[in-house]
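Enquirer: Chain by chain, the residues run as shown.
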Amino acid sequence: MKAVDFDYQRPAGLSETCALLAEGGGEAKIIAGGQTLVPLLVMRLARPALLIDINRIAELQGIAESGDAVEIRACTSQARALADRVVRRRLPLLAKALSFVGHAQTRNRGTIGGSLANADPAAEIGLAALALDAELSSRSARGARTIAIGQFFVSPLVTALAAEECLTAVRFPAWRADGRIGSGFQETSIRRSDFALVAAAAQLALDKSGVCTRIAISLGGAGATPVRLTAVEQALVGGKLGDGALATAEKLAQDNLDASGDIHASAAHRRRIAGALVARAVAEARDAALAEPA
Amino acid sequence: MSQHPVTLTVNGETRSADVPARLTLVDFLRETLNLTGTHAGCEHGVCGACTVLMDGEPVRSCLLFAVQADGAQIVTVEGLAPDAEGLSVLQDSFCEVHALQCGFCTPGMLIAAHALLTRNPDPSDADIREAIGGNLCRCTGYKQIVEAVALAARRLRGANEPAPRERSHGG
Numbered sequence: 001m002k003a004v005d006f007d008y009q010r011p012a013g014l015s016e017t018c019a020l021l022a023e024g025g026g027e028a029k030i031i032a033g034g035q036t037l038v039p040l041l042v043m044r045l046a047r048p049a050l051l052i053d054i055n056r057i058a059e060l061q062g063i064a065e066s067g068d069a070v071e072i073r074a075c076t077s078q079a080r081a082l083a084d085r086v087v088r089r090r091l092p093l094l095a096k097a098l099s100f101v102g103h104a105q106t107r108n109r110g111t112i113g114g115s116l117a118n119a120d121p122a123a124e125i126g127l128a129a130l131a132l133d134a135e136l137s138s139r140s141a142r143g144a145r146t147i148a149i150g151q152f153f154v155s156p157l158v159t160a161l162a163a164e165e166c167l168t169a170v171r172f173p174a175w176r177a178d179g180r181i182g183s184g185f186q187e188t189s190i191r192r193s194d195f196a197l198v199a200a201a202a203q204l205a206l207d208k209s210g211v212c213t214r215i216a217i218s219l220g221g222a223g224a225t226p227v228r229l230t231a232v233e234q235a236l237v238g239g240k241l242g243d244g245a246l247a248t249a250e251k252l253a254q255d256n257l258d259a260s261g262d263i264h265a266s267a268a269h270r271r272r273i274a275g276a277l278v279a280r281a282v283a284e285a286r287d288a289a290l291a292e293p294a
Numbered sequence: 001m002s003q004h005p006v007t008l009t010v011n012g013e014t015r016s017a018d019v020p021a022r023l024t025l026v027d028f029l030r031e032t033l034n035l036t037g038t039h040a041g042c043e044h045g046v047c048g049a050c051t052v053l054m055d056g057e058p059v060r061s062c063l064l065f066a067v068q069a070d071g072a073q074i075v076t077v078e079g080l081a082p083d084a085e086g087l088s089v090l091q092d093s094f095c096e097v098h099a100l101q102c103g104f105c106t107p108g109m110l111i112a113a114h115a116l117l118t119r120n121p122d123p124s125d126a127d128i129r130e131a132i133g134g135n136l137c138r139c140t141g142y143k144q145i146v147e148a149v150a151l152a153a154r155r156l157r158g159a160n161e162p163a164p165r166e167r168s169h170g171g
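Chains as they are written, first to last, in our numbering: chain A, 1 to 294; chain B, 1 to 171.
Possibly wrong hints are sitting among the right ones.
Unchecked claim - Going by beta-carbon spacing under 7 Å, a handful of chain A positions derived as facing chain B:
id	residue
1	PHE6
2	GLN9
3	LEU20
4	ALA22
5	GLY34
6	GLN254
7	LEU290
The set of hints was computed from the structure by calculation and includes no laboratory data.
This one's a predicted model, so the numbers in the text were calculated from it and none came from an experiment.
The beta-carbon is built from N, C-alpha and C at its ideal position, and this holds for glycine as well.
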């Protein structure tokens with residue numbers, strides 16, 4: 001299997017990238033780490049006339065910490081983010097999610113922005129970003145804009161980005177230190193590191209008495225896009241997270257889920273997995289929060 | 001067909017060529033440079049047989065076009081041995097415990113394990129399994145491969161210990 005012939009450009013910066021994208025119309029495609037795009041090219045499911053390699057653009061690399069957010073630039077590799085001290089300290093949910101992403105070989109090339117822009121419904125990075133209310137920055141020849149993660153995923157492999165737009169960074173707003181914060185990430189796949197049949201992410205804050213003051217739960221792999229489980233969040237916030245609360249979370253997650261079936265798992269099976277994983281992710285996040293100094 | 005000049009370092013040697021953009025790194029290594037030690041298996045990033053080191057880190061050379069690797073340092077399985085005749089400690093350990101049968105996955109396994117041992121001289125079995133998790137083997141059931149990597153790690157750690165003092169004769 002060999003890709004159809006294409007042209008290749010490696011622009012030095014973002015302005016040049018945007019100019020090439022604008023010129024190329026729909027025929028130009030960005031390549032970053034290429035860990036999903038290259039299989040699509042060699043299987044000839046994608047046939048762009050031009051590949052624009054943005055992987056070495058300096059302004060698309062790096063992780064920056066500020067008081068109210070952590071920003072990861074689009075071409076930062078998944079391996080680099082996973083090993084990063086700021087990510088581990090400030091974004092433990094993302095760190096947990098990243099350990100499920102592909103294998104060492106693919107994390108070394110695969111990028112944070114590439115996974116988001118690819119919008120696979122089972123992808124872990126998008127799931128963490130959705131739970132953490134991330135904001136995405138993009139650039140095109142017409143200017144820059146910010147997209148809330150809740151508006152970003154449209155359908156499988158389709159995002160709010162236009163063909164001539166380039167994702168430049170993802171910003172994770174800090175959770176205010178209102179108590180002890182913990183996170184959990186759970187996934188079921190046929191083999192480890194395969195695509196998730198279902199994956200669940202949770203981050204929560206507990207006050208001194210163990211009452212949940214804030215919670216975010218997202219679920220991926222079950223439907224067309226990752227989803228926030230607002231009904232479960234609303235049911236859990238304001239209470240303690242004992243066995244009763246976990247049972248409620250499991251039931252609500254199953255009942256409210258629009259799951260789809262395929263050769264790997266039926267919709268009913270995915271719903272059952274989803275319920276179990278949501279309860280486990282919440283329990284993992286709770287235990288992580290309780291382990292924090294009060 | 002769009003042609004692009006590339007220059008990269010492969011196993012310590014500088015290699016230059018004009019390549020079509022669509023030529024993958026694995027095809028460049030095997031067909032342009034005749035380094036056929038790197039195996040092309042699934043050619044879409046599933047099996048790991050084509051794993052090489054790029055700037056010190058394991059990557060799948062079928063998921064990379066040669067033009068993207070312009071300027072990179074590549075190490076293939078041919079670059080692991082200390083000389084043309086010999087084997088590295090890791091390669092020898094694979095022979096020692098029969099960690100290969102058909103041998104198709106072996107180059108990728110060796111590179112992935114080599115990368116692990118470079119940064120972790122004392123890996124647990126779980127570390128080893130994680131490091132070769134992206135490499136499929138259809139013969140061994142993986143057990144001997146994990147044993148071989150653990151054996152190589154032990155041998156390599158031993159190599160860094162001071163030699164035992166010679167026993168004195170006759171007191």
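Enquirer: Are the hints correct? Go through all of them and say.
Expert: Here's how the hints hold up against the structure:
Given hint, A:PHE6 at the interface with chain B, holds; its Cβ is 6 Å from that chain's nearest Cβ, closer than 7 Å. Taking 7 Å as the C-beta contact cut-off toward chain B, the hint placing A:GLN9 at the interface is violated, the least distance being around 9 Å. For A:LEU20, the suggested interface contact is broken, since its CB lies about 14 Å from the closest CB of chain B, more than 7 Å. Residue-level restraint check for A:ALA22 is violated (minimum Cβ-Cβ distance to chain B is 20 Å; threshold 7 Å).
Interface restraint check for A:GLY34: the shortest CB-CB distance to chain B comes to about 6 Å, inside 7 Å, so the restraint holds. This hint is violated: A:GLN254 has a C-beta 30 Å from the nearest C-beta of chain B, more than the 7 Å allowed. Look at A:LEU290: its Cβ only gets to about 26 Å from chain B, farther than 7 Å, so that hint breaks.
Of the numbered hints given earlier, the model fails hints 2, 3, 4, 6, 7; all others are met.
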